[in-house]
Structure formats: C-alpha cells, structure tokens
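Protein chains in written order, with the numbering used here: chain A, 763 to 929; chain B, 40 to 463.
Misleading hints may appear alongside valid ones.
[Stated by the list, open to error] From the derived model, a few chain B residues whose C-beta atoms are all more than 12 Å from chain A:
(1) A50
(2) R51
(3) S56
(4) M76
(5) A112
(6) N137
(7) C159
(8) D161
(9) L207
(10) L324
(11) K354
(12) K357
(13) L393
(14) V408
(15) T420
(16) G456
[Claimed, not checked] Quick list of the computed label-pair ranges, beta carbon to beta carbon:
(17) A:E793 - B:D288: 28 to 36 Å
(18) A:G925 - B:G205: 36 to 44 Å
(19) B:G128 - A:S916: 52 to 60 Å
(20) B:M40 - A:E903: 52 to 60 Å
(21) B:D240 - A:A792: 35 to 43 Å
(22) A:K808 - B:Q269: 54 to 62 Å
(23) B:E300 - A:G805: 22 to 30 Å
Derived by calculation from the structure, the hints in this document are not laboratory data. Please read these numbers as outputs of a predicted model, since none were measured by experiment. Think of the CB as a built atom: it goes at the ideal place given N, C-alpha and C, for glycine as much as any other residue.
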Amino acid sequence: MKITGRVWKFEANINTDVIMPGFTQLLPPAERPQHAFSPNRPGWTKLVQIGDIIVADKNFGTGSSRPAARVLKDLGIGCLLAESINGLFFRNCVNEPFHALEVVGVIDAFQEGDVAEVDFDKATVTNTRTGQVLQGQVWPEALLKILNAGGIMSLLESEGLLGDDYI
Amino acid sequence: MGMNIVEKIMARSSGRSVVRPGDLVVVKVETAVLTDMAFIADHSDKLKLPKTLHDPDKVIIINDHITPPKDLATAEGVLRSRTFALKTGVRFHDIGANQGICHQVLADHAYALPGTVLVCGDSHSCSSGALNCCARGLGTTDILYTFCTGQTWFKVGETVRYEFTGELQKGVSAKDVFLYIAGKYGDHVNCNIEFGGPAADSFSLDARRTLSTMAAEVSVEFAVWEPNAQLAEYVKARNHRPFQMTYPDPDAAYLDVRAIELRPIEPYVALPDKVINNTVPVSQLGEKIKVDQCCVGSCANSTLEDLEAVAEILKGRKIADRVRFLVTPGSQLVYREAAKRGIINILIEAGCLLTPPTCGVCAGLNNGVLAGEEVCITATTRNFKGRMGSNSAKIYLGSPAVIAASAVTGHITDPRGFLEVNSK
Ligand code: SF4
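Isolated chain B, as found in the complex (with noise of 0.2 Å):
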C-alpha cells in the first residue's frame, strides 16, 4: 500500500521508509517561524530562550500580532523580538519593505518549501501547505524545542481527501468552497486534508491559501495541496534551497476521498460565535442583516487576489452611509503590487480605511474592535465570541467579495448581481 503527501512528507522526514496513521514520529524541521507574539505572550515575566540555536539557517522571526505596537508592555514586546533576531542572525521581518502576516511572507518568499516540515508559533501555519509544505501551527515552547534540536514530533494522523471538479461560479471563491465544507463535514480532529483532483489547477495560489490557511478551523493537523509546474517554477524563483515536489502514491490510503463539484457552489457565510456546522449560502440568510464594519485582511484572505475581488466590486461604488471598511493587505510585497496596479486607489476612492499589514483586525489586538452589539461581516479566519472585542459583537465570516458587496449595500449581500452588472 502507498502513502499519500503527509504520509510521504513524514517519512522522509524521519528517516523512515514507511509512515502510516497513528505513527509518532520525530522529524527534522526544515523551517521553524516564530512571531513577535511568542516575545510577549507567556514569558513576559521571565523570557527564557535557546542559548544557541540548532541552525540559525532554518529559523525566520516575523513580527506581526503586535506590530507596531500599540502600548508599552506590547512595544516591549516587540523590542525583545527585535534583539533575539539581530543577535541570532536569523532572517527577519520587521517593519521595512518586506514586511507582513507570517504566513503571507512565508508565501511571498517561498520560505515554505515543497515536501518539507515547516512549523511556526502561529495556528494557521496549516497556510503553508498550499506550497506542498507539512506546516502546522504549534506553541511558542514547542517551536523553542525546535530552534534547540532543530526536530520535533508529530503523531500521524488520518487523511482526508479533497477532489476537485467542475469550476466555480463567477462571484464565488476558495472561501466560499471552505465554508461549504465546514458547514457540510464538519470537524476534522487529529486528521490531515489533501487537497487535489481534476479541477485543482483552477485554484491559485492564493486561492490555495484561503483554502490551507482556513482549514485550521476545522481543526486539521495539515492541509497540503497536491503541486503542480507553476508551484515549481513560483518556489524556484524566489528560494535557491532544494526540494522536492511530493505527490501522492497512485494506491495511498486515505479515511474518506470526497468528491467537491464547484458549480454549485454559492457565496456562503458562516454565522457568529462558531464555523465548524455554522455556515449557510448568503441566499438562505432569510431577514437582511445589516453590518456596522466590515473587513478584509488576515493570513487567509488578504493576499493580492482578494484585494482584486474587492476592487472589482467597489470601482466607480461607494461605501453604504454608517458603514466602516477596513481592508488590510497580507503584506508590503502584497500593497505595493496592489498599489501598482491602481487597486489601492479605487478602495480608497470607495472609502476604505488601509491598515498596516498585520494581524490588526482579525485578533483585535491592535484595531478595529468592535463595541457592544456591532455586527461585523469579515473575511478574516475565526468569528469567536469576544474575538474582535465586545463578548456581544457578532462576527460573521465571508469572502472578500461578500464583504464588498455588504459594505456596499450595509448588509449581508450576495456579490454575484454586483458582478452580473459589471460584465454589461
């Protein structure tokens, strides 16, 4: 019997010939990312770090959840970030020129390679995967075990297959796919996803990302796409490290293959408070929800793609009376093509607000919380209860061209008719 990409991803990295599910098993980490979070968050009081690190080749700082800091305790924070990296020689990401959300700068520079172990202080690190990469997001102590020994350890999970076919409606996106997939399978515990099949070249990057990167809310250890020639040609141009394309065996083994058809699939939204079983097409909303802010931005769906989706839907439109847009690119590679391409000029013209490329909205760490009972429609990845402030704020999850289309009406709005409009 053969074994899929995870399976494939593990062996090699553990030097074993075989890997099946249930096997733990210790792997050589080819990158390990911590964010400034992890300078902050726990060790405030007695931050203890590696005295020398495995092999600082391997390791990438990004400063990104709290940068640039908003007070004192989170500018030291950052500060302590910024002095591991100088003193480390590690590569690093700071407020400059290639700056941005750690999973968008692990794709920029292709840091994430194909068929290799990568992990990262942040639970989106899944993100990666879109690049054939085994990434998973662990905590701040476990990515210290890994900058000491340059291993770490994972149990083998179950893997579920994805098999694309068909192609999807104008309007719709790999969000709107991921939605339609939590809400119809649910959770995916201690299991893997691999994502392939007849119509998967029809995904971007990017939009493999959303897709990668959104898994996490289905809890999913990994989430590796099969590659494919643009990967390699993507990977080689920007990293000069070896590695290697891994597909799946013809006769692997997987817990469930589902079949996805894209052409039925709509633009979805996930309700507040929860994703996983919560999600419904934007057409079964029923009653018009109106919104207070909306958002575009975060590790899974601020990337250049979405920041078009946006445009498309706002050019020559303007932002509804009382409603707040705050649009975030995933990072400075991310605002300036943007800018290049006239993109960032017609969300302005419309009334966006543009934050700095960081977590910013997402967490609520730094801006955009919301106040008592404001309802917020976001592509962004959680819609947790308290997440961007208020215990009483809803959170309702969508594609970057729900988002546009709801900031542009104040409620919940399907984009498809915005886009048939365009076309005439």
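Chain A on its own, in the form it takes in the complex (with noise of 0.2 Å):
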C-alpha cells in the first residue's frame, strides 16, 4: 500500500493525554478527533487535512491504553512514521488498525510541510522536496494478518467470535 500525505512534525515523548484528552473519553468517538493535540497544539485539527503525516521524534504515544490511534486514524492521518513508537501505543495501531512505521532518522529528513511518500509493506519513506529515502521497520507477518482483517474487532468478528447480547 502507497501513502503520500503533507507532513507535521511532533516532538519526543508525545503522550496520549494530549493526543486524546481524559474528557474526550466520555465523548461519542465521532467528536473525539476535534480536540487532538488541544492542550500542546489547540486549533491544529482545523488545518489537518485528509491523507496528512505524522513525523514524530522518539516514543510517540507515550501514556494511557486509551484508544488515541482510534483518534489519529478518524481524524484522517494517513500515517504516523517515528523515530519509535510506544509499545502499548503502536498494538493499538496494529488492533485499530492504523498505519505507523518506526523509522529511524525520520524527524531530520523531513521538515513541516514537506510531502513523504510511503510504501507501507516495504516500510520505505522518500522525501519527495529532497529525494532522501529511509528505510523503516516492517510489520511482521502477524500483524499484517490483524491489518489486512481490518483490525482486531473485523478478525474476531469474521471468525464469529462476536456478539452484542450483553446490551
């Protein structure tokens, strides 16, 4: 799978809080991806446009299991690339799923603004105003699996794992 997308850059060491705020959790999840990033960056998600890129420095998505990738991928970010990514933080990307590559030497290649194109399963990334090209990490097979089911809830539900009688 190809993502081309503009990029915004995000330092260390993000956390969850700030990506999704504790109040957003007791929202309905369509009006959860307005308030992203509002307490380090308010008013960012009115610029966010459809496709766009995360390039993040080291351990994105640092903090709490709540569901914060959910809201990324809502919000329209076609993809996160970081220098590394929170463990807890990067199985929801996988469970969602939502596309997130560890790419080491991402957050100086790129700068705000510039478009990176991204061929998802060879983990590649190329600066499109530069030419550089970075290699990232691929996913293993396995989680390839839970990406290409459409996520941990679609697997389980295609194999009839499911139901809703407890509401």
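Could you fit the two chains together into a complex? Lean on the hints.
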C-alpha cells in the first residue's frame, strides 16, 4: 500500500493525554478527533487535511491505553512515521488498524510541510523535496494479518466470536 | 546463555525452550482484566463483546475508573460492565467490600500470579510485576481478543536490570527512587525492567508496586521484580492456583545492568507536563512553590504504607489554610485496614478529604478537577498537561511524604525535616 501526504512534525514523548485528552474518552467517538492535541497545539485539527502524515521523534504515544490511535485515524491522518513508537500505542495502531511505522532518521529528514511518500509494505519513506529515502521497520507477518483483516475487532467478528447479547 | 525473568516467563507461556529479544511470541494468558472504562470507551455506539469466553475463570472485571458514575453516560457504561460480568459469571469487583483501583485489587487478592502472564486494559498493568508476574497494559480490543482466545502476542524486548544496594534515608520512598531513575535514565521504550539486588528485600510489596506501576511512565513493557519467600507466602495465603516463582539465570543477558545506591537518593519531584528527564530533588527547587491542591492516591500510591506515610507527617498537625488535600485509599480493603489502625482518623483530623477507592483525581475523570493556573502536587502517576483539568494547571509529582509535608506548609516541602522533629 502507498500513502502520500503532507507532513506535520511532533517532538519526542508525545503522550496520549495530549493526543486524546481525558474528557474526550467520555464523548461519542465521532466527537473525539476535533480535540486531538488541544493541550499542546490548539487549533491544529482545523488545519489537518485527509491523508496528512505525522512525523514524530522518539516514543510517540506514551501513556494510557485509551484508543488514541483511533482518534488519529478518524481525524484522517494517513500514516504515522516516528523514530520509535510506544509499545502500547503501537499495539493499538495494529488493532484499529492505523498505519504506523518506526523509521530511524525520519525526524531530521523532514521539515513541516514536506510531502512524504510511504510504501507501507516495504516500510520505505521518501521525501519528495530532497529525494532522500529512508528504510523503516516492516511489520511482522502476524501483525499484517490483523491489518489486512481490517483490525482486531473485524478479525474476531469474521471468526464469529463476537456478539452483542450483553447490552 | 541463560534467560532473564521476562524471557523465562515468555518461554514457559509460549511453550518454547528459549526466548530471545526480538522474538515475536504467542503466549497463554493466565489472567485477563478489563475495567469499567472498557465498557464506555470506544464502543459506546456499538458495543461488541465476546459471545463466549475462552476461559471465564481467567477473566476479571473491576469497576474503578468511572465508578461511582458521575453522569448518565458513565452510568450506562458501568451498567454494561455489570451486566457483562454477571452474565459471564467471571470474578467481578463492583462497589462493595472488595472494590478498588484495578492494580490494587489484583495485588489485594494475589490475582496476579508469579511466573505467569497477565493482561489488563489499563496502561499501568506493569504494576503486577511486583508479584513477579509478566503483566502488561493493552487496549480494550486487545483484551477482547484474549477473552476470546486465551492468548496474546508480544515482541520480546531487551531488559534493563536495576540492582539496589544500601538503605533508603528516612522520609525517602520508592516513589523517590523511581523519580530519580526517570530523571537519570529517561525512557525505556520497547524494553523491560527487572528489579533485584542485595537491597531488593528492603522493598515491601507495596513499595515494589509503586516502582513497577510508575515504570509505565518510562514506557516500559514489563517491570518485574525478583521474587522472595515473603511473596510466596503472600500469594499462597490468597490464591490457590499454582504459580512458579521465577528467578533470572545467573548468566542471563541484559541490555544494561545499573547499580542504584539507595542512601544518596533524596525526596524528588517531577516538574509539570512530563516525567521522563524532568525530575529534581526537592532540595534543589530553589523558589518556594505554593500549592492549591495536594493528592495522594492512584494505583501507584494508595497502599496502606502510603497512607501510613501521610499519617506519620499529619499526626498532630493541620493542613495549611486554603490548601485542599484529597486522599484516596487504593481499595476498600486498604481503607478498612487503615481505619482499624487509626490512620483514617489522623487524616480527617488534619483536614484531609477521603475519596472513594477509585481512579478519581488521578485521571481528572470524576473528582478533584483543577481550574486554570492552579498548582497541584500529587502522589499519583501522571503530570501530563491537562490530565487533571485545565491545560494551564501545573501538576507536580512526588511521594506521599512529600505531598503530606507540602500540605502542611502550603508549598512543596522536603518531608525529612518533619520526620526529624517527630523522632525528637
Ligand atoms: S489510578 Fe490513575 S493511573 Fe492508575 S489505573 Fe486509575 S487512572 Fe490509571
């Protein structure tokens, strides 16, 4: 899968309380994305266009288990590229699924507003302005299976494991 | 080459003889936990749950984040959690004699078993590493996968081992040790922590839980302690399932082994907005930092020992004017025990407000919310911008003793002076 989009840059250790502020956990899912990054980048979500790409430094998504990956996905972010991704946040990316790659060197290779071309399956990233190509970490087969099934809930549903008898 | 604790538990749970960093393993899960939050978050519009559970005996539901509910939306969430737990017949902790914050409840009943894998839908689940358990926080959907299949997957990370030596000064606690480590070594992304060393036995189970819980703040995968004989007795007295105390092999490999001498560690605070590389000793704060609200609670600091540390400072003293001090016992069990020992009385006499044993103030979800520009010092887990209310509120983290001393003076205070006076 190929993803091309305009780049927004974020610093190291971005936590889930800023991606998805606590109070939004109690809002319906459709109302959550507009509040993304409101504590540290108010107004940003109004500037985002569908398919934009987040380029971040180390440890993106540290913090709680809340469904913050879904918020970025629902906001229309096409892909996350980070020096490293917090383990729990990465699992939530797999499960949504939300395209996210660890790419060492990405933070220095892009300026905000550059356009990134991502070949997700090969985990390669190109800066269209400079022509620089970076190699990221390819997802293991088992995780690609979840991605291709449309996320973990779709996978469970297709195997007939889910119901709604409890509500 | 041998294996460390995490690698051994991963190997046993995945049916392999050897596991190394970088391996992707599918493991059997001994205990899978969801909180009330799972029943409101994300699925509020179309809640899908497992038709049947792989093994109901291995599932626990704990109402803590939004219990007791504050409005209709949270009440509906809690109701769904209750209905699910009652229909499936799993172990269930709702308002009543055994309610509490999930990680405290898992320790109260030794649900987290040494040498096994536990997953829970809350990010501080590494807390149960104090019981020599490979415990990890996962998202709700990940836990539902485990409910259905009895399994999950992990990419095994490298392990950093901390070796404790020496003795802590009076007035310095596990929280200070954590803040010292977070300041000095920063994040541990994709890595595990193993705690041990000659002075490991000086850390009680409560103190171990503080360190393992807070390890989530340096982005750890697992934060496991070497077990000891007290742990085996503690678990046997509370949980009749078999478990396997797991020690590292003598020739186990680590990314790094770091010796931590306890004696020089002072009371620390984390400055507002982030924990990693953002902590200082209270003695080096320079200016007087006035506080509006003080809190002791959360899965990191609501144990009996934490409440005792607060009482030791508050005994015979009063909280400063215009300062609010909210204290959360971690569970009803902790609350009862603290009441029996007279601790609760000391706190109330001094002017504390006791809250129900829930997440409450920690996540700004249902009480203790901060207004703009207010300053809070708290013995909870996170100081992230906006976590407890306004984005312009300032949240400092510290130990229960630092919070109690600060509540008495009205500004961030080193507790050691108070304890010296007490002992005279
Ligand atoms: S007490 Fe705070 S950190 Fe702990 S589980 Fe509750 S909200 Fe999370």
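So, going through the hints one by one against the coordinates:
1. A50: At about 18 Å from chain A, B:A50 clears the 12 Å cut-off, so the statement holds.
2. R51: Since the minimum Cβ distance to chain A is about 20 Å, B:R51 lies beyond 12 Å and the statement holds.
3. S56: B:S56 is indeed farther than 12 Å from all Cβ atoms of chain A, at 21 Å.
4. M76: Answer for B:M76: violated, closest chain A Cβ roughly 7 Å.
5. A112: Its Cβ does come within 12 Å of chain A, the nearest being 6 Å, so this is violated.
6. N137: Its Cβ never comes within 12 Å of chain A, the nearest being 22 Å, so this holds.
7. C159: Answer for B:C159: violated, closest chain A Cβ roughly 9 Å.
8. D161: violated (6 Å)
9. L207: holds (28 Å)
10. L324: Its Cβ never comes within 12 Å of chain A, the nearest being 22 Å, so this holds.
11. K354: The claim holds: B:K354 sits with its nearest Cβ about 34 Å from chain A, beyond 12 Å.
12. K357: holds (32 Å)
13. L393: holds (23 Å)
14. V408: At roughly 9 Å from the nearest Cβ of chain A, B:V408 sits no farther out than 12 Å, so the non-interface label is violated.
15. T420: violated (9 Å)
16. G456: With a cut-off of 12 Å, B:G456 remains clear of chain A, as the shortest Cβ separation is near 34 Å.
17. A:E793 - B:D288: 28 to 36 Å: The hinted range 28 to 36 Å is violated for A:E793 and B:D288, with Cβ atoms some 51 Å apart.
18. A:G925 - B:G205: 36 to 44 Å: Cβ of A:G925 to Cβ of B:G205: about 56 Å, so the range 36 to 44 Å is violated.
19. B:G128 - A:S916: 52 to 60 Å: violated (28 Å)
20. B:M40 - A:E903: 52 to 60 Å: 27 Å Cβ-Cβ, so the 52 to 60 Å window is violated.
21. B:D240 - A:A792: 35 to 43 Å: violated (52 Å)
22. A:K808 - B:Q269: 54 to 62 Å: Hint holds: Cβ distance 56 Å, inside 54 to 62 Å.
23. B:E300 - A:G805: 22 to 30 Å: violated (48 Å)
The structure fails hints 4, 5, 7, 8, 14, 15, 17, 18, 19, 20, 21 and 23 (numbered hints given earlier, in ascending order).
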